[in-house]
Structures are given as C-alpha cells and as structure tokens.
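Peer 1: Protein chains in written order, with our numbering: chain Z, 1 to 163; chain U, 1001 to 1718.
Accuracy of the hints is not assured; some may be wrong.
[As the list claims (entries may be wrong)] To give an idea of the chain Z side of the interface with chain U (calculated C-beta under 8 angstroms), a few residues:
| hint | residue |
| --- | --- |
| 1 | P16 |
| 2 | R18 |
| 3 | G29 |
| 4 | T31 |
| 5 | G36 |
| 6 | G38 |
| 7 | A39 |
| 8 | Q90 |
| 9 | S102 |
| 10 | M131 |
| 11 | Y135 |
| 12 | G139 |
| 13 | Y141 |
[What the hints assert, rightly or not] Residues of chain U clear of chain Z, computed beta-carbon distances all greater than 10 angstroms:
| hint | residue |
| --- | --- |
| 14 | Q1069 |
| 15 | L1153 |
| 16 | S1255 |
| 17 | E1265 |
| 18 | T1311 |
| 19 | T1377 |
| 20 | D1550 |
| 21 | P1575 |
| 22 | G1599 |
| 23 | G1602 |
| 24 | G1603 |
| 25 | R1606 |
| 26 | T1646 |
| 27 | T1705 |
Since the hints were derived computationally from the structure, they do not count as laboratory data.
Small disclaimer: the values here were computed from a predicted structure and weren't measured.
Glycine included, C-beta positions come from ideal geometry on N, C-alpha and C.
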Amino acid sequence: MELNINGKSYTIADGPARPLLWVLRDELGLTGTKFGCGAGYCGSCTVHVEGEAKRSCITPVTEAAGKTIRTIEGLAEAGADGSLTLHPVQQAFLEMQVPQCSWCMSGQMMTAAALLESTPSPSDEQIVAAMSQNYCRCGCYVRIKAAVAQAARQMARAEEGAA
Amino acid sequence: MSEKRKWRMTRRGFLIGVGATGTTLALGVAFGLPYGRIRLADMFENSAGAPASMDAPPNAWFEISADNQVKLFIPKVEMGQGVHTALAQLAAEELEIDWAQLSVVQATTALGPFDSRGTSASNSVSSLWVPLREAAATMREMLRTEAAKLLNLPAAQLQLESGVFSNDNARLTYGEVVSRVSSWTVPEAKPPLKDPSTFRYIGQPVPRVDLPDKIVGKAIYGYDMRLPGMLYGAVARPPTLGATLRRVAAGEAASKPGVVTVVAEPDFAGVVAESRQAAYQGVFAMSLEWNETQRWQQADIERLITVGEGTGVTIQRLGDAPDQLRIIGTLRAEYRTPMAAHAHLEAQAALADVQPDGVKIWASTQFPDMVRGEVATLLKRDKATIEVIPTYLGGGFGRKSGVEPALEAARLSAAAGKPVHVGWSRTEDFLHGYLRPPTHHVLRGNVNADGRMWAFEHQQASGHVAAEFLPGFLMAIFGADFGAWRGAMIPYAATHLQTVAWRNELPLRTGWWRGLGLLANVFALESFVDELAHAAKADPLQFRLNNLPDDEKGQRLRTVLTRAAELASWNTAVPAGRARGIACCVDAGTAVAHVAEVGVEGGNIRVHKVTAVVEPGLVVNPDGATAQTQGNIVMGLSSTLLEKITVKDGQIEQGNFNQYPLLTLAETPDIHVELISRGSQPFGMGEPPMGPIAAAVANAVFALTGQRLRELPLRLTT
Ligand code: FES
Ligand code: FES
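Turn these sequences into a full structure, and let the hints steer you where they fit.
Peer 2: This is the structure we're talking about:
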C-alpha cells in the first residue's frame, strides 16, 4: 500500500485493517501525531487528508491510501537547506506560548490550520465551534482561541501583501 | 563525556568533576540539602546517590564546555508546567550568561543531579530556589578565581558579562578558563547571590525552552519512544475491582499472528507482539481465570467515605469547638465530591530494554527514581545497573507518579529479550489506574452578634491519597493522610476551631491528583464560609476580610481577595441574569482568590468570567505563572461542572471520554489573571490556583439562584 505523507511516498505492508494513527506512529515513526482516546473523542490525532481535518485514530489506513496526507511534521515548510518556516498557526502558538504539556497540540494546530484553510477570516464563534472539538487537559483554551485569531489575522495580512 | 573525572566532596556537599583533558567543568550540588517541608525524600529513597566512580558526574547540574556553552542538567520532569524554563532562569541568572549559551538537558537516574523526590506538589522551583542558585554562583566564583589567576589580575578587577571576564585590555570566556585549568578548588564559603534588583531573567516572561520542538511535533514523550527491533506489549487486566488471577495459561495466544512471547505467571499475564493490535489480541486469546470479590456499587463507596467511618484524626484544634457548636443558631452542612480521573491526554507509557548487562527504561514518569527502585526489585537487579530516562510527559497531574507501565514493559522485555513498549489504551487508563478519592465533609459553625466566627468545625472523610503509596508504618506515624487533608484546615480566626480528617479503605485505588485534597476541601470550606456569611446577612467578601486572622497569612489572603474583588467590580451591579461568587485559599505557600461570574443557560450553569489574583511569593516567570493559573482554572472548572467517576457492579463505569467528557473551549469563561509578586522566595504555582474555583462558582450560583449546591459536579435542581 502507498501512502503520500507530507509530500513523501511511503510503502507499507497491506497487513490487517488498522487505523491510520498507528501506521503513522508505530510503522512509520511519525510520532508527532498523538494518541489520546482511540475513539474519535479528543482530537489529539488530527491530521489532514486531502486538506481536511481527520481523526486518524478512526480513519482506516485503506481510506487514506492514495490521498494526500499531512501531519504536524509537514505543517511547517522545509527549505532546501533543511530550515523550517513555521506555518502561521505554529508561529502564533509559539509566540503566544500556547502549549503546556503539548500532547494535544499537534491536533489543535492541525485543526486550526484546516479551519483557516476553509474559513480564512473566521468569526470568534467559528473559532470556538471548530476548536471545541479538541480537548486540552492542561487547559490552554484561552490561549488557543487567541492564537487561532492571531494566525487568521497574520494569514490575511500575508494574503494582502501578496495581492 | 568519556574522560575520567575526579571527585571531591566538600563540607557544603558539592561534588565537582573536572575533565582530564580540561575541556569541561562540571559542578553539582548534592540534592536535598536545604529542603524544608515534609521529608518525602526519606520515604522514597533506599540508598543515597549514584556510585562514586562514574565517567560522567552523577550529580552535576552544569557542564561548561570550551565553546562557552553551558549545559544544565535538570532532574525535574517537564509535563507542561514550564519547570525546565523556570529552573534555567535561576541558573542563567547566577551564572551571568546569555540565554543562548544555555541548553537544558533532562537528567536521568544515571546522569545529572540525583533526585529522589520526583516532580510533584508544586515544589520544584521553591525547593531549588536557593540550592540551584548557590550551585550556579559557586561555579561562577570558581571561574572568576581561576580567570583572575590566568590573567594575573585581582578578581575584583574583572567584569563579568555573558560568560566573559574582562577588563580594559584582557578578555577570557568561561570556555577558555575551563580549557586551561585542570585543578579546581571549591570555596568553602557560600557564594554571594545576586541582588534581586539586578535580576535579568528571574521575574521575566522568558519563553519556554521546550516549545520549539513541541510546536513541530519533534518532542519525544514516553508514548513516542522507539528503538530498533522493539516490540509491543499488552497485559491482562482484572475484569472487576479487586479481582486477582486464579489460573493463568497461554491458551491460544502463541498461535495468534504477530505474537512473539507469551508470559503466563501466577500473578501476571501478558503478551509481546509485533504490533499493539497483535499484543492485545494475544492477551485476549490467553486462558485466564479470576478470583472475583464483591461486586461493588457506588452506594458502597459513598458509605465508606462518610465522616465517622474509618479512622479520624484531629489535625487542627483551638479552644473547644464541639462544646461551642451546641449553641442555638449553629449552622451545619454536608458536602460531597466524587472520584475523578486525571485524564492526562498522553496515556501511561514506557519502553523497557532489559539486557543481561543492564536495563534502560524510558518513561513518562514523575518519579524516575521510584521507577528505578521498583524495577530493581521486580527484576532482582542492582539499582546501579538500571537507568531510568524520563521523557516529556503529556500531562501528569499526579497520575504519572505511578510506575505500572514501566514495570509491565520491564517484565515483558525481560521475557522477550528485546525492547518492549507498553502504552495503555484510554480505557485501561480510566479503569485500571488510581483516581482522585471521593470526599465527604461535615461543617458546623456559628457567628457572634458582631459578625465574628465563634466556633467552626470541619470534619472531612476521604479515600487514600498519600496512604496509597506510603508504607503502613509511616501512615501510623502520620495518623491522618496529609495528602487528603491538603486545604482542609480552617484559615479563619474563629475563637474555637477544629478540623478532623477521617480516612477509610476503598476497594479501588485512589491517590495523587493535581492539588491532592485541595479542590474538594476548599470547595467545602469556602462554600460553607459563604453559608455563614449569608446567615449573618454579611457581604461574603467583607465577611471573609473581617474574619481572617491578622497574621501574615491572613494579610496575604486579604490582599488577594481585595484585589480580585476590585478587578471583578465586586461592588457594582452584575449584568442581568448573572451573579458573582468569591473564594480563596493558601496552598503550597501561595495565596489565591477567585471571583466567578455565572449565569444559567438552558438549565445549566454557565461560567462567563473568572477573575483570579495569585500571590505566589516572588514570581519567577509571569507568563508561566499566568499559564498555570489559566490551566488550573480550566481543569478545576471541568471538575466543578462535569467530571464524576462512578462504580457499578464492581466496575468503573467510565471507559472513555464519551462517558467522561472534559471541559472544552466552548464552556471556558473569559479568564483574567493578575499576579502579585512579593518578597524574595517563590512558592508553588502548579496546583494552588485550582483551590478556590469550585467554591467561587458554587457561591455565585447561590447568589444567582438561591440554590446551595453541596455536591460536585454542580447540578441545578429544576
Ligand atoms: S485519539 Fe483520535 S480522537 Fe482521540
Ligand atoms: S497542552 Fe497538555 S493537553 Fe493540551
């Protein structure tokens, strides 16, 4: 089976039916995507499949095969020299010192990035609605909300600058 | 790090090691010297320190290399509380170096300072405040002495900035000093510590050192640990509370695809396999019989945890409260809090590699040294051959003071001869860990004609907290469980006071949970103080201010209460349909007051706003302290409004988040935090701000609806 992850192609064993999450983590060593509940409740395992936020713990790997998958490891842009340009969401999460333990944060940032992709200028209500799907036990919610709003503004500015 | 180092112990307990080639200087301070507070160290520690001869300095805090970089080995684990950053601030301050010169390295049980105390109880920064700065200052002064000798100048003529000594025409970096000096003397006198008015890092919102890796998904946690050739383990779990294995046989497990090793021992059944899925399927195929006990029900648990059941110990007494509580007009109320899960989002996990010549364990643990000790006992190995390497923790909250996944991984790795990772499922974590104990509180009090508390009694009952982890003889000495009564003592100046702590055995494990008994005790106490205030027809803020003692603790509480009330506009009208409640506590040396502003939406309590004022002594990192306050309030609100573990037919009923929802962003109020920095000693920040949140909300609910809710989670009756 072929998986296209962060612009790279990976071949994995056909094997038994299994969730994408454990293929990423245990078979491919992409441990940036986290396991929280295994049942679709917490959002820690969120990745992008064809640009959409998906919970990889309940996404069968066969469903993702042949599609474009993006994980936290591929959210920043890697330059030819290996340097990383953070995604505006990562930039905002870092600037506002959002994460505490950070176990939920890959999922939070992937959820936020997908939101801003589909809704570039979200209202407060839209941010709250999208980000309330993900748990953060450390309680970073106040900062998550502020950082997503900041990332949206940042992306809008970049868009204006480019136009 | 391969050169041999020489050691010398001085009277002050410093250890020093110098590279034979003279390229690095490493210095440590024996851990645990000026620690105050409860001496948990003695309880968890069997032998002192690492072996005296090792290649690397076993107790070194610092290592300075020729390129003028400083490594700081930190024995405390990073679980999101920002401890690596806060301790780095202390070190950089006294070392007089630039932030970029410093890198933080997680110490292990074999490398870096030895720490028998683990990371808990909000005491990492407060307990290391003096020893770590003294170690750094000692290193700085040793470097200064040697630099002066090398430059042939009086030490007093050298300026020091960014790890560089200089005067008008000479310049020498720490790195250069270290590479040119081969024999060092540790001064016997204590080094001078910096005047707080010259602090560069302490008191600043220094960004977290661990976030750059975390933001890009590179940081490694226990669940993420990988080694070449590693396998996965799963372990059989009892079907009901208290069940033990009666008969264990491999059954069909060995023939299941992917299964490598089946371990069937009288007290343990587990499988090692090529994938997690295969390991679980292997365990499922084993043939197991269990001895089951009584099918426990929720009512049994609540009956056991009731004031008057089990052992009661008086922990606070002034005057004769029982007698004075017979006065007419005495108020009496009962409160209850339920069991709760930690629900750290990274489930328990460890990777063990057990080889004939040594054992390595990578674990998400708050107590690396306890893991080492227990693995040594389990495998009958010498502790010195075992290294426990703590990873980042995806939340701890007291739950990662347990050792189970490390022991399971060690046992399975020993059987398989390969590295084995054990990562619990969410359901295993809910059903087979330990919980926050349930509590029951009976409060009685009366107030005299001029609004002063006269007699006040708090009787509280709880399942075990510390008792779960300490040897029986120690509990016999303590009497009451000091974990359970955290926050239970009455901080007000009543003429007659009494606090009694009851503890009882439960058929399931309860233990450390962020703040231990704090949230439950302050909920009961501060709600009841509100009841007394209303009964006395007094304003709840004014009533508290009038009844706090005039000592330092009382004054600190007055300060945070007054400021929180001011920020929350306590004395002005609330927006329609809302009300405010106030509550306070002192915990781990830190004074906290919260004002909650609540409403009711669709029959549910809606917390709109929380104003928090926290005075933790000296604030080391204001942004970190603010984050801890925000996080504590959110976690505390989740308990206040949602969380409850229950038992039915011998099982815990909640196996995943659909049955145990956590607070989300949608229910999170606006949180306004103000910190007050005071004095020259920092106190705890990891737990204290949780204390008053449930009471502040319940008091606001009373003000709004007239309903006095005496049980968590708070539920309005319609
Ligand atoms: S791990 Fe996928 S939603 Fe929780
Ligand atoms: S940062 Fe710890 S769970 Fe979100």
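Peer 1: Determine for every hint whether it applies to the structure shown.
Peer 2: Hint check results:
1. P16: The hint holds - P16/Z has a Cβ within 8 angstroms of chain U, the shortest such distance being about 7 angstroms.
2. R18: The hint holds - R18/Z has a Cβ within 8 angstroms of chain U, the shortest such distance being about 6 angstroms.
3. G29: For G29/Z, the interface hint holds, since the closest Cβ of chain U sits about 6 angstroms away, which is under 8 angstroms.
4. T31: Holds - the Cβ of T31/Z comes within 8 angstroms of chain U, reaching about 4 angstroms at its closest.
5. G36: holds, 5 angstroms
6. G38: holds, 6 angstroms
7. A39: holds, 5 angstroms
8. Q90: Holds, because the Cβ-Cβ distance from Q90/Z to chain U comes to roughly 5 angstroms (cut-off 8 angstroms).
9. S102: holds, 4 angstroms
10. M131: Holds. Min distance 5 angstroms.
11. Y135: holds, 5 angstroms
12. G139: Nearest chain U Cβ about 3 angstroms off; hint holds.
13. Y141: holds, 4 angstroms
14. Q1069: Non-interface label on Q1069/U holds, nearest chain Z Cβ at 21 angstroms vs cutoff 10 angstroms.
15. L1153: Holds: least Cβ distance 43 angstroms, greater than 10 angstroms.
16. S1255: holds, 16 angstroms
17. E1265: holds, 26 angstroms
18. T1311: holds, 33 angstroms
19. T1377: holds, 30 angstroms
20. D1550: holds, 35 angstroms
21. P1575: holds, 18 angstroms
22. G1599: For G1599/U, whose nearest Cβ neighbour in chain Z is about 17 angstroms away, the distance exceeds 10 angstroms, so it holds.
23. G1602: For G1602/U, whose nearest Cβ neighbour in chain Z is about 16 angstroms away, the distance exceeds 10 angstroms, so it holds.
24. G1603: holds, 20 angstroms
25. R1606: holds, 14 angstroms
26. T1646: holds, 19 angstroms
27. T1705: The assertion about T1705/U holds, with a minimum of 26 angstroms to chain Z.
Violation of the numbered hints given earlier is absent; every hint is satisfied by the structure.
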